[in-house]
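A.B. asks: Numbering (the numbering used here), first residue to last: 405 to 1103.
One or more of the hints may lead you astray.
Stated by the list, open to error - BS3-like, lysine-lysine: derived pairs with alpha carbons at most 27 Å apart:
(1) 799 <-> 1086
(2) 1020 <-> 1086
(3) 817 <-> 888
(4) 799 <-> 417
(5) 888 <-> 799
(6) 1001 <-> 963
In short, the hints are calculated from the structure, not lab data.
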Amino acid sequence: SDHMENIYGYLMKYTNLVTGWQYRFFVLNNDAGLLEYFVNEQSRHLKPRGTLQLAGAVISPSDEDSHTFTVNAASGEQYKLRATDAKERQHWVSRLQICAQHHTEAIGKNNPPLKSRSFSLASQGSANSPGVQRRPSQNAVSFFNVGHHRLPAGKRVPIMQPDHLVDVREMMSQAEGQQRDLIRSIECLPASGHLTSLDQDLLMLKATSMATMNCLNDCFHILQLQHASQQKGSLPAGTTINWLEPKISLANHFKNGAAQNFPAEINKPASVREEQSIAEPCQLAREPEEINPDEELEDICDDKEDDLGAVEEQRSVILHLLSQLKLGMDLTRVVLPTFILEKRSLLEMYADFMSHPDLFIAITNGSTPEERMIRFVEYYLTSFHEGRKGAIAKKPYNPIIGETFNCSWRMPKSDVVTDAGTNSSAHSLSEQVTLPKDPEGQAEPDYYTVKFVAEQVSHHPPVSGFYAECVEKKMCVNAHVWTKSKFLGMSIGVTMVGEGVLHLLEHGEEYTFSLPCAYARSILTVPWVELGGKVNINCAKTGYSASINFHTKPFYGGKLHRVTGEVKQNMTNTVVCRVQGEWNSVLEFTYSNGDTKYVDLTKLSVTRKRVRPLEKQGPFESRRLWQHVTESLRDGDIDKATEHKRALEERQRNEERLRAETETPWCTKYFLKDGDGWVYHKPLWKTVSAAQTQQTDSN
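Given these sequences and hints, build the entire structure.
C.D. replies: This is the structure in structure tokens:
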């Protein structure tokens, strides 16, 4: 066939973080089923720099751009390649896929059926253990010798009917059970000795068996979609197509927020959950809920994350995870082990950045634009310390789409810094515009209320929106954050893509700001958190800006958690304040008049947030949604926590599939898409503007 011809040419190959992309000369050897590459075309007669067996390989176009694709060999090795344009990429991908399919089928024809062969760890004696008889020449073919089914010669595969899909599902369930038994057998091996659970061949066997089952899951899903399309979206009466594992009821969450007592569903028998797994049509009824702060109680939860025991006990799990990761790999879709999780959602972590509401409210009390910018920088730099729970770097729960978190803070007015020198003109807007008062005419409280709401507005990419406001001081902040995590070797980096805007409505000012990157360092020993990168804060109206650098520790010497910054007036390029210190310890502010101020973050008072009790929370509010995972982590039951976490994640994946099949868009609850960002549906600046217009009309 002309499709099996050898092809060659230059492609860009991603090497590592340091070297990046490099041009290499690639040759597709169809006869041998190999993809080889050389430094250049002139060195083609020499030994290849690298070779991949294409039997059993998966070739996938990347969703990064129209030029990139990956070749994933059965051995676990991966090439990330880039063509000059989309047409050339398609040419390479199609030829590689044809070659891979041809040689994979050839392996099948040359091996006996499953019944005549078996593979058992129990039969691996000391003399036959993979650790002893590891063959350097072992390639993709040996991985396929475990066994498989073959159809009789000349027998054609019939078109799949619904009952056949049920049969396939049953066979795959059995295969998944065998794969789990295999994993357990490997993990039950001792951590040291002749044959250990960390043996390289066994780790590879775990990875390839898991990848194979994932691939089969995807294939089965494609069959379901094909059948659904043949039926034009409607199933005959009495027909049920189940997913690969027992699932939780999807109906109510697929309705985008209808009431459902989900946590109770987790504890139902699998058979009951499976019967409820077919979703009803989406009603798109997702109304914003107005949270009454009077229903919220002061938070008594105090989950510190200083437990190193779990990390020490699960060292083999970490090593297994690292064995499957590549430098620069995007970890967004990687399922991380449960024991490294914090006992809170990422949405709640954003709320904990507001744990100094007195400093937040005091920003608008500054008498001059310069003072307000400096106060905002002070609040900004003090917010990260309380956002971390303990010294150990643990990861908050990944919010599921539609998850929300609501809370508030009450701050006694006497505890908020004011400015005696505030002039009347600075508050002219405040005096002219008053928001609607309580119809009951209650006396004004002696405290300020700061309300907070966060929502996971997107799953791929993972984007969170959060909003906080203090109505009495006519100030609010709106932000959206896309978390991008990458594996960097012995650390994990998280980039916070997005922007926040602080609105001081009394002054008509807007302050735009970004967030630093976060790094989990020393993930094999005692993991710890480090912030890094440059962030900017700007106020276009006043012309003041701030530049802040979070310094990562150099390889030799240097301090941890160091931060430096300066506030300047852009028109005159005058620096009015400099700051230095550690973002989790002591900060030193030096002003243009020579004064110096020290802020010890470890001694700053923390105002506890107020949260509704679990029984009053909606089914998709963070604490209620994750309560079983959190309780299991508190009890130290990692297996149970993993089970509950997997149920939530599987539920989200199924809902996403159903929405894709029915072409149903996701409807957010609190936030609206605005260009590249997300904005709260009822921001304070709209309320104030409406009140101002109403007063103007009445006059």
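A.B. asks: With reference to the structure, classify each hint as holding or not holding.
C.D. replies: So, going through the hints one by one against the coordinates:
1. Restraint check for residue 799 and residue 1086: not satisfied, since their Cα atoms lie roughly 31 Å apart, outside the 27 Å limit.
2. Distance restraint check for residue 1020 and residue 1086: the Cα-Cα separation of roughly 23 Å lies within the 27 Å cut-off, and the hinted pair is therefore satisfied.
3. Using a Cα cut-off of 27 Å, the hinted pair residue 817 and residue 888 is violated, with the two alpha carbons roughly 39 Å apart.
4. Proximity of residue 799 to residue 417 is assessed by CA-CA distance (about 32 Å); at most 27 Å being required, the pair is judged violated.
5. In summary, the hint linking residue 888 to residue 799 is supported, as the alpha carbons are separated by about 13 Å, within the 27 Å threshold.
6. For the given pair, residue 1001 sits about 21 Å from residue 963 by alpha-carbon distance, which is consistent with the 27 Å threshold.
Of the numbered hints listed earlier, those contradicted by the structure are 1, 3, 4.
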